[in-house]
Amino acid sequence: GAGVSQTPSNKVTEKGKYVELRCDPISGHTALYWYRQSLGQGPEFLIYFQGTGAADDSGLPNDRFFAVRPEGSVSTLKIQRTERGDSAVYLCASSTGQGFDEQYFGPGTRLTVT
Amino acid sequence: GDSVTQMEGPVTLSEEAFLTINCTYTATGYPSLFWYVQYPGEGLQLLLKATKADDKGSNKGFEATYRKETTSFHLEKGSVQVSDSAVYFCALGASGGSYIPTFGRGTSLIVHP
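Heads up: the sequence lines are chains D and R, in that order. The end of the first sequence is residue 114 by my numbering, with every number in the run present. The end of the second sequence is residue 113 by my numbering, with every number in the run present.
Simulated from the structure, these hints should not be mistaken for laboratory data. Don't be surprised by glycine CBs; every beta carbon is placed ideally from N, CA and C. Certain hints may be false.
[As the list claims (entries may be wrong)] If the Cβ cut is set under 10 Å, some of the chain D residues that face chain R in the computed set are:
1. Ala2
2. Pro8
3. Ser27
4. Tyr33
5. Phe45
6. Tyr48
7. Asp56
8. Asp101
9. Gln103
[Said to hold, decoys possible] In silico lysine to aspartate or glutamate, EDC-like type, Cα no more than 16 Å apart, as pairs:
10. R:Lys52 to D:Glu102
11. R:Lys60 to R:Glu76
12. R:Lys52 to D:Asp101
13. R:Lys60 to R:Glu16
14. D:Lys78 to D:Asp57
15. D:Lys78 to D:Asp24
Work out the full structure: start from the sequences and follow the hints.
This is the structure we're talking about:
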């Protein structure tokens, strides 16, 4: 079946604008994670969903960042009032269970804030 | 909190050379351990994993053994190929009541013909 997909693959936006990043996990995967990856770094945890609820959002850097997963499948990461420091690759991963299971990653969305 | 330390890259090797990429960790519990690989232009994908002490994970000629006494999970391959050129990430699965995996910063491997 299909893997994890993310759209758009690239997003360029101006400082101060609002952006939405979408993640389509593997069908049937209940766990969904968002990460941020800066150049030369590993994935940095942002938020974890188990089903429809955000089980842990402790990685969100501030209240400009928000994510939803209303039907327990597709998730959207929303960033308000973007700043240049938000520029990074945003990764989504899904798994059948919790964080001790293998994760399946999407290709990422490269966000550039000018 | 949990953390992962990987050797700095890039690691540059000739084809058929022996590869070791070191990974050590600190964890409150006994997490599963993973190696993920990211080929140029692609997403991270699982390379191998080990779920308990002394387990050996293996895939595509790569191996890593879960060493609780040294808190290590070093990645090895006996004979690398140009196609192995990629970034390799060591990761801890969730442990100690947390649901959050922890990733190392990655080690770039460049294999020359």
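Problem - Restraint check for R:Lys52 with D:Glu102, where alpha carbons must lie at most 16 Å apart - result: Measuring from Cα to Cα gives roughly 14 Å; hence the hint holds.
Practice task
Could you check if D:Tyr48 really has its C-beta closer than 10 Å to a C-beta on chain R?
Solution key: This hint holds: D:Tyr48 lies near chain R, its Cβ roughly 6 Å from the closest one there, short of 10 Å.
Exercise for the section: Verify the interface restraint on D:Tyr33: the C-beta must sit less than 10 Å from at least one C-beta of chain R. Expected result: holds (8 Å)
Exercise for the section: Decide if the proposed pair is consistent with the structure: R:Lys52 and D:Asp101, CA atoms, cutoff 16 Å inclusive. Expected result: holds (13 Å)
Exercise for the section: Compare the distance between the alpha carbons of D:Lys78 and D:Asp57 with 16 Å, and conclude whether the hinted pair is satisfied. Expected result: holds (13 Å)
Problem - D:Ser27 as chain R interface residue, shortest Cβ-Cβ below 10 Å - result: violated (17 Å)
Practice task
Hold the hint about D:Asp56 up to the distance rule: shortest CB distance to chain R must be less than 10 Å.
Solution key: holds (6 Å)
Handout entry: 16 Å limit on alpha-carbon distance, applied to hinted pair D:Lys78 and D:Asp24
Key = holds (15 Å)
Practice task
May I ask you to test the interface hint for D:Ala2 with respect to chain R, counting a Cβ-Cβ separation under 10 Å as satisfied?
Solution key: It is violated, given that the least Cβ distance between D:Ala2 and chain R is near 13 Å, above 10 Å.
Handout entry: Pairwise hint evaluation, R:Glu16 against R:Lys60, where the allowed Cα distance is 16 Å at most
Key = Holds, because 14 Å separates the two Cα atoms, which is no more than 16 Å.
Problem - Given hint D:Gln103 near chain R, where the shortest CB pair must fall under 10 Å - result: Since chain R brings a Cβ to about 7 Å from D:Gln103, closer than 10 Å, the hint holds.
Handout entry: Given hint R:Glu76 paired with R:Lys60 - CA-CA distance at most 16 Å
Key = holds (11 Å)
Violation of the numbered hints given earlier is confined to hints 1, 2, 3; the remaining hints are satisfied by the structure.
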